[in-house]
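Participant: Here the protein sequences line up with chains B and U, keeping their order.
Note that the working numbering has the first sequence beginning at 14, numbered continuously upward.
Note that the working numbering has the second sequence beginning at 14, numbered continuously upward.
Bear in mind the hints are in silico, worked out from the structure with no lab data behind them.
Errors might be hidden in some of the hints.
Derived BS3-like pairs: lysine-lysine, alpha-carbon spacing no greater than 25 Å straight-line [said to hold, decoys possible]:
id, chain 1, residue 1, chain 2, residue 2
1, B, Lys693, U, Lys446
2, U, Lys693, B, Lys684
3, U, Lys693, B, Lys693
4, B, Lys298, B, Lys263
Protein chains: 2
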Amino acid sequence: MASLKDIGLAAGINILSAFIFFVAFAILRLQPLNDRVYFPKWYLKGLRTDPVHGGAFVRKVVNLDWRSYIRFLNWMPAALRMPEPELIDHAGLDSVVYLRIYLLGLKIFVPIAFLAWAILVPVNWTSTGLEFAGVKNITSSDIDKLSISNVQRGSERFWSHIVAAYAFTFWTCYILMKEYGKIAAMRLQFLAAEKRRPDQFSVLVRNIPPDPDESVSELVEHFFLVNHPNNYLTHQVVYNANRLAKLVKKRSKMQNWLVYYQNKLERTSVRPEMKTGFLGCCGKKVDSIDHYTTEIDKLSKEIVLERDKVTNDPKSTMPAAFVSFKSRWGAAVCAQTQQTRNPTLWLTEWAPEPRDVYWPNLAIPYVSLTVRRLIVAVAFFFLTFFFMIPIAIVQALASLDGIEKAAPWLKPLVSVPSIKSFIQGFLPGIVLKLFLIFLPSILMMMSKFEGFGSISSLERRSASRYYLFSFVNIFLGNILTGTAFQQLDSFIHQPANQYPITIGTAIPLKASFFITYIMVDGWSGIAAEVLMLKPLIIYHLKNFFLVKTEKDREEAMDPGSIGFNTGEPRIQLYFLLGLVYAAVTPTVLPFIIIFFGLAYVVFRHQIINVYNQEYESGAAFWPDVHFRVIIALIVSQLVLMGLLTTKRAASSTPFLIALPVLTIWFHIYCKGRFESAFSKYPLQEAMMKDTLERATDPNLNIKGYLQHAYVHPVFKASLEDADEEEDVMSLKWETESATVPTKRHSRRNTPLPSRVSGTSSPSMLDGIKNDLES
Amino acid sequence: MASLKDIGLAAGINILSAFIFFVAFAILRLQPLNDRVYFPKWYLKGLRTDPVHGGAFVRKVVNLDWRSYIRFLNWMPAALRMPEPELIDHAGLDSVVYLRIYLLGLKIFVPIAFLAWAILVPVNWTSTGLEFAGVKNITSSDIDKLSISNVQRGSERFWSHIVAAYAFTFWTCYILMKEYGKIAAMRLQFLAAEKRRPDQFSVLVRNIPPDPDESVSELVEHFFLVNHPNNYLTHQVVYNANRLAKLVKKRSKMQNWLVYYQNKLERTSVRPEMKTGFLGCCGKKVDSIDHYTTEIDKLSKEIVLERDKVTNDPKSTMPAAFVSFKSRWGAAVCAQTQQTRNPTLWLTEWAPEPRDVYWPNLAIPYVSLTVRRLIVAVAFFFLTFFFMIPIAIVQALASLDGIEKAAPWLKPLVSVPSIKSFIQGFLPGIVLKLFLIFLPSILMMMSKFEGFGSISSLERRSASRYYLFSFVNIFLGNILTGTAFQQLDSFIHQPANQYPITIGTAIPLKASFFITYIMVDGWSGIAAEVLMLKPLIIYHLKNFFLVKTEKDREEAMDPGSIGFNTGEPRIQLYFLLGLVYAAVTPTVLPFIIIFFGLAYVVFRHQIINVYNQEYESGAAFWPDVHFRVIIALIVSQLVLMGLLTTKRAASSTPFLIALPVLTIWFHIYCKGRFESAFSKYPLQEAMMKDTLERATDPNLNIKGYLQHAYVHPVFKASLEDADEEEDVMSLKWETESATVPTKRHSRRNTPLPSRVSGTSSPSMLDGIKNDLES
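One chain only, chain B, in its complex shape (with noise of 0.2 Å):
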């Protein structure tokens, strides 16, 4: 129970961090040195260059000019400029969307924190329940004489949180409705207004069933064109190619080294040696820059004869293909049909953008994928449940006790005290620290492994693996105590309406822990965000030892992206607070409002300043978004339906169990109503964009434009590494950039390797090239 003043406190603390944070930002990125750290987005786009030319070294280094320091604070409303469609020229419709979900934070909660701080406040505040209850053991804070704590049993004063609860919920519906609707609008609008893409006009194949007669190229061909004669244009059987991949990042690595070697002899000119065993510790002495030298000439050897291996082997064709139409109609018409009598065979959907591929998941077959699906469902339960029995084992190894046990030759270090302080006091919370870290990982771990084809689809998956996980272990781990384990333990011995009974009593006593939670996860963790600690650090250390030309500075920068795996479930959090919270502690609203404004400034100086855009999937997950929502608005209102009951406020209770049935058939409604409109491209809109294409284009050879679309990048990678073909490709790029000069941009710039597949993505190159010859 923390009073105002702790909670002052804390809001002290916090406010100065991500001051402090601000203030090192605004320094930092007037650096000319950490321009490519803070402004990689417009290297990418090809519209800042580094100042190189004029100016003394040092001007080069550090700004000087003490004017710009002085509006510190200046690149926020700088942020808030750039109006909507622009940005969507420059990052995208997923970025944008996503910058959305910050500003439906703001719109629900504004309004319900007017409404609670003018209704709900003063009721709860000229209550005396705390008073009656003081010799009943709970001690009471100022922040709890604010919320329904300080309501009497039995008063008939709970009937304006009961009115609170429906006005909030209408409010809730009504903008997620429209918002869906906006952005429903949205995606259809940047769809039809794109310019020709290769995945409007493909369709993605899986499980084709093998034929001793044909190959899969054959299958593929005969197949459509007996089933889609008059649609039909081309198709791109996939390789597996992952053991190409592997040998092309290998030498990639090993270029690292070679260039880190060779400027060292520059600098030092002394030839650089090294020992050719295990982490260069035992082993021959050799020269470096030799030893490096064979090795990637090796290696490229081995490269050719892979890919020729991988080209013309039969069996490193996988069962899987993009095929392409004709037209729009002719590609959406297959998307969304079935194919054959068995619904596991030619399964037909709508190709991923070519960099949105996520190549390696393309041949699992049907029964394989559901036996998949199974086992991460199961692993999903026990990391959700158990995570915490694996990390207390870790925790008791990292004891003091443990050490000594497992390791008695450690004891003269451990008695050390210093270090005997350090593990009894840091050690297990690291370990906890570490798992928390690597959780996304492993989650985007258990997706692949699922088997999703897309990356897009990959994130949208762990994003609600990470919300179900962060639903469990943060909001009820921190409103009931005990592991996970335990709660779901005591819940199955719990008659079904205890359920919300225990969280409604538990969730006012926690208010002030989760206003500091926000405080520090949300207001400083946001502040950090906009610092790019990390990335600095690293392009820093990359730009000292690796960079020899502008093509590495430009391969040092990592921008990263939104990372909506993550991202977006951290959001959905705050939605949950704030929902639940509305009706109980109004208190909670408004640091939930700051977190809102504040994220959106940064995430949104982010995405126009930093953030690389992955991929493209044209808002394809406001449906999960939304579906969010609507579940954080069910579990307050059932939190509030139990804290009700225990209030004695029974006789009022029935009415919240309309809330329930009402919000779900509102999903229902919403549902059908907009999602397909996520999942489905309506024909006569792929009919409508072929039509007008036929009329503004009429010669276009859409079968050159097509050939070569979706080939897998390790090709092109390899490609564009051969020397004599990279002259061709750059003066390609200098054309096309002559050509189609505006939207073509904002989908091109993806020269670095692509953070989940760990291949380089594909570039639009190849569809250009034959536009061209075309």
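Using the hints provided, position chain U relative to the given structure of chain B.
Facilitator: Just chain U, lined up with the frame of chain B:
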């Protein structure tokens, strides 16, 4: 707690009553007088005629051949003799697959019963649990000695039950999967082997948006010409002919009365008179025949006017249409894709068969549909859990005190001892029974209100509601004491892990009750089904009063139909009982096996000789059947878990947790693997049939064939009524049956009013007419 003797007695009574039913049936069915009651299917097919020609009058009415009475059960092997493919031709796929549900029961339960009696019964019998527990106030019986109750608490013998539960689950799943695959193949085979049908080429379009400039018909034509330019052929808008249908119905009722009075005149030679007032009790006396003749003339004129109005007034056009395509491929594409941005407009789905269409529902807009769904869901919840409340009120009113209070003038009547005892003894039971008789109609009304567009989907929906109702009120209602609402209340106030325990402990105690239930409802009920008492009486009444011509006699037949909406949920109750008791009290299994065997024979006989198919959905109901057996399986596993927990076999219970998880996964697998065969039409199949048809019948006038396939039945009916049309029609019929001899037969025999839609079902007449014209 019934002993084996009691059960034996009950079995004896039920076997006797079943025997009596069968003997009565054997005698009645052999009388030529009843021929049309017991063999209507053959009359409808035109393969059997009245035994009018030749022989004395007596022989026409009574069968005097004593030999035919001896083998009074020989209809049973006769029913089994017809092979399945012939049965599909004869009665359609729906009926055959419906029979396979009974076969499924036999396939699942015969091996399970053998295993249970071989392993579990000896294990239970040799245990001594009940002797020990005897002190604990539990009266044991012989049946209990064979059940799991006899195994001591904490005994190691429970392992055999766990292993058996695994064996039963795997066997059931294996059979279910094989059956699902088989029926999916049968469905596709059936669809592929079928002759050309209008619904293969047609799509039902609903929610056509209003347009100020164009009529619905023009709008549809333009929309599909633009968006399906290569495939669109023609369309038929839906008219709001509900009032017209009402008028036609009224006229046919009047015609019945006219015939009745004409018959009376013939017999008595006195011109019958009647009063025109309420129910013929008051008002002016008129000559009946004149009165009805003028009334019918008036109505006929009104009908002509209304028909003109419906066809010409744009206001009576509904925003729905049947759109036909040039090929099956085009229809398959349109049915499976989304047409416009707004997914609630231009909704396309497969057109049901013409006779399966439920016309009144075709114009309900989307928003209204979702609201209706909510209302029906809430209403069904109250119906299931609170239906006892109004019944209790009626029962209270129908009690002695109630009657005396409500209607004091009845007091002298009520005091008569015989009436008094009748009211006390029977009235409350009759009220409940009446409600249960009306329940299917109530559920069907709910489904109609919900807005489904085809009779088959109405029946499927009603079936799933009926299943839920009987699960709660028959299964749970008999296991746990108290009304459904009291159970609901106690469940809410119980811990979640208590549910299976509460049911589990009660389950073995109720075995003898359910055995009696199976014998009464299953054995005698099925035997009564074959007797067809109600149609028999009604036929003879009609025959006596109304029949003048051969056509009248045909209309007096009421062959009925399978009645999927009540029949299937009833079978599912036996699956539930069988699976739940398999591991607990194997004594129940033989009774269930006898039910399945008997019902299979009886329904096969009825389907061959009596029932008339109302529509053909191609076994579209199988996913529901499969799903409900899965639910029964999961319930049985949970119940066993609960039971074993109370038996202190807790250490073995965790081994049972895997079963429901695996079963749910199995269901998901089957859903993905097979379900789409029941809802989608693969393009490959469509293309194959199109190509075949184009090769065999290159000059087909498909437009002529489809032009009038979907006309509201009332237009056809009024066409048929008009005398001048009739001759032409009957001519067509004859010609047609000469040209297309086999399959078409099974599709055209629905001259009777459809039971559900209340209007006469459309025949294939128009299609055939156009076939001939082309």
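Participant: If a hint holds in the structure, say so; if it does not, say that too.
Facilitator: Status of each hint after checking the structure:
1. Distance check on the hinted pair: Lys693/B and Lys446/U sit about 49 Å apart at the alpha-carbon level, beyond 25 Å; violated.
2. Proposed proximity of Lys693/U and Lys684/B is supported: the alpha carbons are some 21 Å apart, at most 25 Å.
3. Restraint check for Lys693/U and Lys693/B: the C-alpha separation of about 16 Å stays at or below 25 Å, so the hint holds.
4. Using a Cα cut-off of 25 Å, the hinted pair Lys298/B and Lys263/B holds, with the two alpha carbons roughly 22 Å apart.
Checked against the numbered hints listed earlier, the structure breaks hint 1 alone; every other hint is satisfied.
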